[in-house]
Amino acid sequence: MIMIALLVVSALGALAAFLPAQFARFVSTGLAALAFGLSLAMYATGAGFWHEYDKPWVPGLNLRFHLGVDGISWPLIVLTTLLTLLCCGYSLWKTPDSRLIGLLLAMQTGIVGAFLALDLVLFFVFFEVILLPMYAVIAGWGGPAKRAAARKFVLYTLFGSMLLLLGVYLVVDQTGSADLAAPKGTATMAAFVFLALGFAVKAPLWPLHTWLPDAHSEAPTVGSVMLAGVLLKLGTYGLIRVAIPVAPEAAAKAAPVLGGLAVAAILIGGLVCLAQTELKRLIAYSSVGHMGFVLLGIATMSATGLQAALIGNLAHGLITGLLFFLVGAIKDRTHTGELSQLGGLRDSSPWLAGILGFAALASLGLPGLAGFWGEAFAVIAAAQRGWWLGAALAAVGGALAAAYLLRMLRKVTHGSSPPRLTGPAGYELAAWVPLAVLTIAVGLAPLLITDVTGPAVDALVEAIQR
Amino acid sequence: MTTFAWLLPLAPLVAAAIGFFLPRDTIRPAAIVGSLGALVALVSAVVLVTGDASDVVRSGRELGQFGGLTVRLGISAGSVAALVAVAVGLVALAVQVYSSSYLHGDANYAPYAAQISLFTAAMMTVVVADDLLLLLIGWEVMGACSYLLIAHDRKLPEAPGAAVKAFLVTRVGDIGFLVGIAILAVQAGTLDIGSVITKVVEGGISAGWITAAALCLLAGVFGKSAQFPLHSWLPDAMAGPTPISALIHAATMVAAGVYVVARLNPLFAASQTALAVLAIAASITMLWGACCAMAAEDMKKVLAWSTVSQLGYMTGALAIGSSKAALFHLLSHAAFKALLFLCAGAVIHAISSNLIADAGGLRKRMPVTFWTMTIGLAALAGLPPVSGFWSKELILAQAEHAHGWQGRVVLVAGLLTVVLTAWYSTRLWLRLFFGHYRGEAAKPHDPPAAMSWPLIVLSVLAAGFGLFGVLSPAFRARLGGGELASLGLLTAVVLFGVAIGALTARQGAAERDPAAMLGPLRTVFANGFYFDAVQDALVTRPVKALARAVKRVDVSGVDGVVEGLGTGTSWIAKGVNRVHAAGLPRYATATLGGVLLIAIAALATEVLR
Numbered sequence: 129m130i131m132i133a134l135l136v137v138s139a140l141g142a143l144a145a146f147l148p149a150q151f152a153r154f155v156s157t158g159l160a161a162l163a164f165g166l167s168l169a170m171y172a173t174g175a176g177f178w179h180e181y182d183k184p185w186v187p188g189l190n191l192r193f194h195l196g197v198d199g200i201s202w203p204l205i206v207l208t209t210l211l212t213l214l215c216c217g218y219s220l221w222k223t224p225d226s227r228l229i230g231l232l233l234a235m236q237t238g239i240v241g242a243f244l245a246l247d248l249v250l251f252f253v254f255f256e257v258i259l260l261p262m263y264a265v266i267a268g269w270g271g272p273a274k275r276a277a278a279r280k281f282v283l284y285t286l287f288g289s290m291l292l293l294l295g296v297y298l299v300v301d302q303t304g305s306a307d308l309a310a311p312k313g314t315a316t317m318a319a320f321v322f323l324a325l326g327f328a329v330k331a332p333l334w335p336l337h338t339w340l341p342d343a344h345s346e347a348p349t350v351g352s353v354m355l356a357g358v359l360l361k362l363g364t365y366g367l368i369r370v371a372i373p374v375a376p377e378a379a380a381k382a383a384p385v386l387g388g389l390a391v392a393a394i395l396i397g398g399l400v401c402l403a404q405t406e407l408k409r410l411i412a413y414s415s416v417g418h419m420g421f422v423l424l425g426i427a428t429m430s431a432t433g434l435q436a437a438l439i440g441n442l443a444h445g446l447i448t449g450l451l452f453f454l455v456g457a458i459k460d461r462t463h464t465g466e467l468s469q470l471g472g473l474r475d476s477s478p479w480l481a482g483i484l485g486f487a488a489l490a491s492l493g494l495p496g497l498a499g500f501w502g503e504a505f506a507v508i509a510a511a512q513r514g515w516w517l518g519a520a521l522a523a524v525g526g527a528l529a530a531a532y533l534l535r536m537l538r539k540v541t542h543g544s545s546p547p548r549l550t551g552p553a554g555y556e557l558a559a560w561v562p563l564a565v566l567t568i569a570v571g572l573a574p575l576l577i578t579d580v581t582g583p584a585v586d587a588l589v590e591a592i593q594r
Numbered sequence: 112m113t114t115f116a117w118l119l120p121l122a123p124l125v126a127a128a129i130g131f132f133l134p135r136d137t138i139r140p141a142a143i144v145g146s147l148g149a150l151v152a153l154v155s156a157v158v159l160v161t162g163d164a165s166d167v168v169r170s171g172r173e174l175g176q177f178g179g180l181t182v183r184l185g186i187s188a189g190s191v192a193a194l195v196a197v198a199v200g201l202v203a204l205a206v207q208v209y210s211s212s213y214l215h216g217d218a219n220y221a222p223y224a225a226q227i228s229l230f231t232a233a234m235m236t237v238v239v240a241d242d243l244l245l246l247l248i249g250w251e252v253m254g255a256c257s258y259l260l261i262a263h264d265r266k267l268p269e270a271p272g273a274a275v276k277a278f279l280v281t282r283v284g285d286i287g288f289l290v291g292i293a294i295l296a297v298q299a300g301t302l303d304i305g306s307v308i309t310k311v312v313e314g315g316i317s318a319g320w321i322t323a324a325a326l327c328l329l330a331g332v333f334g335k336s337a338q339f340p341l342h343s344w345l346p347d348a349m350a351g352p353t354p355i356s357a358l359i360h361a362a363t364m365v366a367a368g369v370y371v372v373a374r375l376n377p378l379f380a381a382s383q384t385a386l387a388v389l390a391i392a393a394s395i396t397m398l399w400g401a402c403c404a405m406a407a408e409d410m411k412k413v414l415a416w417s418t419v420s421q422l423g424y425m426t427g428a429l430a431i432g433s434s435k436a437a438l439f440h441l442l443s444h445a446a447f448k449a450l451l452f453l454c455a456g457a458v459i460h461a462i463s464s465n466l467i468a469d470a471g472g473l474r475k476r477m478p479v480t481f482w483t484m485t486i487g488l489a490a491l492a493g494l495p496p497v498s499g500f501w502s503k504e505l506i507l508a509q510a511e512h513a514h515g516w517q518g519r520v521v522l523v524a525g526l527l528t529v530v531l532t533a534w535y536s537t538r539l540w541l542r543l544f545f546g547h548y549r550g551e552a553a554k555p556h557d558p559p560a561a562m563s564w565p566l567i568v569l570s571v572l573a574a575g576f577g578l579f580g581v582l583s584p585a586f587r588a589r590l591g592g593g594e595l596a597s598l599g600l601l602t603a604v605v606l607f608g609v610a611i612g613a614l615t616a617r618q619g620a621a622e623r624d625p626a627a628m629l630g631p632l633r634t635v636f637a638n639g640f641y642f643d644a645v646q647d648a649l650v651t652r653p654v655k656a657l658a659r660a661v662k663r664v665d666v667s668g669v670d671g672v673v674e675g676l677g678t679g680t681s682w683i684a685k686g687v688n689r690v691h692a693a694g695l696p697r698y699a700t701a702t703l704g705g706v707l708l709i710a711i712a713a714l715a716t717e718v719l720r
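Just so you know, the sequences run in chain order A and B.
All the letters of the first sequence, read from the start, carry residue numbers 129 to 594 under my numbering.
All the letters of the second sequence, read from the start, carry residue numbers 112 to 720 under my numbering.
It is possible that some hints are incorrect.
Below, a sample of chain A positions facing chain B; criterion: calculated Cβ distance under 10 Å [claimed, not checked]: (1) 317; (2) 338; (3) 512; (4) 572; (5) 587; (6) 589; (7) 592.
Under the rule of at most 25 Å between Cα atoms (straight-line distance), these lysine-lysine pairs were calculated in the DSS-like manner [claimed, not checked]: (8) B/662 x A/459; (9) A/539 x B/685; (10) A/274 x B/662; (11) A/183 x A/312; (12) A/459 x B/554; (13) A/312 x A/459; (14) A/274 x B/685; (15) B/655 x A/539.
In case anyone wonders, no lab produced these hints; they're calculated from the structure.
No experiment lies behind these values; they were computed from the predicted model shown.
For glycine and all other residues, C-beta sits at the position ideal for the given N, C-alpha and C.
This is chain A alone, in the form it adopts within the complex:
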């Protein structure tokens, strides 16, 4: 029931936008906080599903309204509700528009639903719910080229969705079941390829990534945070929850290709960032590289690799979410994102420079911060698989990340200083601090995540090797 409550609260939060404008946004934010609390309350331990809800949905088509939460989905659900809450709080002061907050909650409904769904068709439905709110957020509150970026985002991801739908159809057709709780695992290569392509667009996997930089650089700050923080995770989650379990044999055959593309993404993402001239675009492209590490972990299909992927997923959500908040704060103050026009931030706003430096160090995978574990163990998992070249190249990608982030810091924080900028506002700190604290916490104690995901991952690996 708690899962239904979470979905209902999220949906009510979205509907609250239609209330009178004076208090609509507060009602929505309150409901977002309630949703965050509910998601925390879902915590339990052990393998298997902690909560499950299974009712016929469309009996004629044999569709079920089947929800469930386990160690793989729970951290992502909490990340979603947390980032939504932070974005709502941020928007309360920054863009006090109940429509934007309502859209954020509509998005949350879809994302949480997709993370909860244990029926393939239900999963697909929730997966699609997210698209239009995100389109509206980009097109409504974005930068100067928002219309084109929003259109590209929606068309590209719809293209991915069509492939996904084909995959869903094939799976149901071939296995006669849309169940994700205990998938039959007999789908063919064709089904896997369509599913994987659909998720690869979302993740995004090189070379299906080009919607991302445009969408990010035009989206408003909260849009970018949601996009990088949670939306991309649907792609990797889908691979872990859907594509690999329904077709493990095909996945094992396709794994080297997936791994190769992931390594290509790491290197190409890093190199493009090194030549990038705009701050927000740089952070956007860095996601391509970081998600490459996550995808590399998934491609190994081993317990180590999947653990790395799950913690990397989460770390990327925290760190890149923080980076987009910070970039938003910088652009609000300096009215430019061009690296050549920025500089001297550590003199003009020491606090902002300090937190930006922290976030950049976290993003380059500094050991002791959240980003490190996913990357290091993706490399180790690739080595375990015998992909030595891939492991070495991924490690090179780690050095590239250092190169482009230090270049970014040098251009933004060092150098001649502009006049003093205003310090961080309360609502900004409220958005930054939880993310920074969690980045340190997960970095110092990865068992916060690995203990939660461990049993579920072991069960999954056992299932797909059977």
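Assemble the complex: chain A is given as a structure, and chain B must be docked to it using the hints.
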């Protein structure tokens, strides 16, 4: 004992955590917090050292579980770790105290002191880590701290570049380090250092994988310990405040590489290839650093290059399988190099310039600095009976007795370097303290107490440590037993070399720079053999060009296809639209045509059936 072992990294870490939340411009509270952190760590280290040498403190708890691999927050403070921890704690404390005076009035003192504390904590983590990934945490956090601290000075335009270089060059080496750890993790099936070493010793890992792992780890060691060809960041790193140079060059960062090879000694000992690579790199590094130090114009740069050169001695000792000699030199070097940098800081503080050309005649004006620096330089040159002599002598004696050609290479390079070291030490000594004062700053004088006390304490150590080390059986036991001195023919050679070096430098007298004797080589040496230009042409620029090319391909190639599909579709749509927007007559015609077509098709099928 376990508590003290945990305090080594934790005390400075707590100090750092507090320091980051102090107001930025407070000096006294920040200095007190930082110094306390270092002091607690130092005291804990001393307690551990005075304990039983054979007693290894082990403790730990699980940090995370990744499939079959467990990461443990595991520490192991053995005899060597405790000794190195003393050096780290001592230098950190000296640097904290000294900085409070050296950087008085600095607007960003609190984060600076906190970063030093974090740096100390990271080095302590490397020292006590019993898990490969925990080691990596300390290892890389040090890189990040060096980045932050080198860039501290806002007025130096070259500081940010030097900071980025320090982090990036070491990070490039760390590619190898991470791959090396991956090899060990996969082959040994564990991340626990003790278990990995047992596995290596028992022959559980094939020789090929051991060599591969050792060579990969060496890449990281070369980066951290500034060995050729990853040494170029260290001379630039002196753009940081002088106490930071002392910290980086003496007990942290550069020491980490040497320490890790000593810690994983059985692994390296099992691979002749790795040791051969290490021996060659060590010999090149030794001579390279010494040559560059001879011509450097900046007094900190002389010391920076001398660090590169002295690190070559340590890695040379490791290459001939004597980690004991390497650690002995690591400790004595920590004492005298920290002393030398802090002395240089006192001189820079007094004459407001880094250049040797602006000093001169400071012997009378700055007696404390003069005497302490004299001890430091004597130790660097290897004059008996101060510390550097004993440790260097031990390395050379070990090289003489070592099997294989590695020993001879290290011995020859080491002896040559003795002469060069004596030469540039004498040059620096004469040019700073003798002759006439050539600077512009009025009345140079000795620094205040907070700066001069660290000098005095360190100079006592630099002077006495060697003799203490040789005489104290407890100390020998901690380093792994055996004699720490084998005075003989080599001693005579070392002394002879020192004498030659000193005499040739003296030839120029104090008034003329002896570096002029180098002739055309002077510019080559002063520019570090133009290695930066080579590196720029071979690595930096190609990578940048590649980045630009990849970006172009990504934008016009990959995204071009996507955009092309979009515009192509709308183009076709427009075409189709135009065809369909022709007006009633053509619609009528088309409809008729359609009807006709269907009719014919229907007829045709009927007929064919």
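Comparing the hints with the structure gives:
At its closest, the beta carbon of residue 317 of chain A sits 25 Å from a beta carbon of chain B; the interface hint therefore is violated under the 10 Å criterion. The closest approach between the C-beta of residue 338 of chain A and any C-beta of chain B is roughly 4 Å, which is under the 10 Å cut-off, so the hint is satisfied. Among the interface hints, the one on residue 512 of chain A holds; its C-beta lies about 5 Å from the nearest C-beta in chain B, closer than the 10 Å criterion. A distance limit of 10 Å between C-beta atoms decides the matter here; for residue 572 of chain A the minimum to chain B is near 8 Å, and the interface restraint holds.
Interface restraint check: residue 587 of chain A against chain B, minimum CB-CB distance 13 Å, threshold 10 Å, status violated. At about 8 Å, the closest approach between the beta carbon of residue 589 of chain A and any beta carbon in chain B falls short of 10 Å, and the interface hint on this residue holds. About 14 Å separates the beta-carbon of residue 592 of chain A from the nearest beta-carbon of chain B, more than 10 Å, and the hint is not met. As the CA atoms of residue 662 of chain B and residue 459 of chain A are separated by approximately 23 Å, the hinted pair is consistent with the 25 Å bound.
Annotation: proposed proximity of residue 539 of chain A to residue 685 of chain B is violated, straight-line Cα distance about 45 Å (limit 25 Å). Restraint check: the Cα-Cα separation between residue 274 of chain A and residue 662 of chain B comes to about 22 Å, which is no more than 25 Å; the hinted pair holds. Between residue 183 of chain A and residue 312 of chain A the alpha-carbon distance is near 20 Å, which keeps this suggested pair within the 25 Å criterion. Restraint check for residue 459 of chain A and residue 554 of chain B: the C-alpha separation of about 49 Å exceeds 25 Å, so the hint is violated.
For the given pair, residue 312 of chain A sits about 50 Å from residue 459 of chain A by alpha-carbon distance, which is inconsistent with the 25 Å threshold. Of the pairs offered as hints, the one joining residue 274 of chain A and residue 685 of chain B holds, with about 24 Å between alpha carbons and a cut-off of 25 Å not exceeded. A threshold of 25 Å between alpha carbons decides the hint, and for residue 655 of chain B with residue 539 of chain A the separation of about 16 Å falls inside it, so the pair holds.
Against the hints set out earlier in the document, violations occur for numbers 1, 5, 7, 9, 12, 13.
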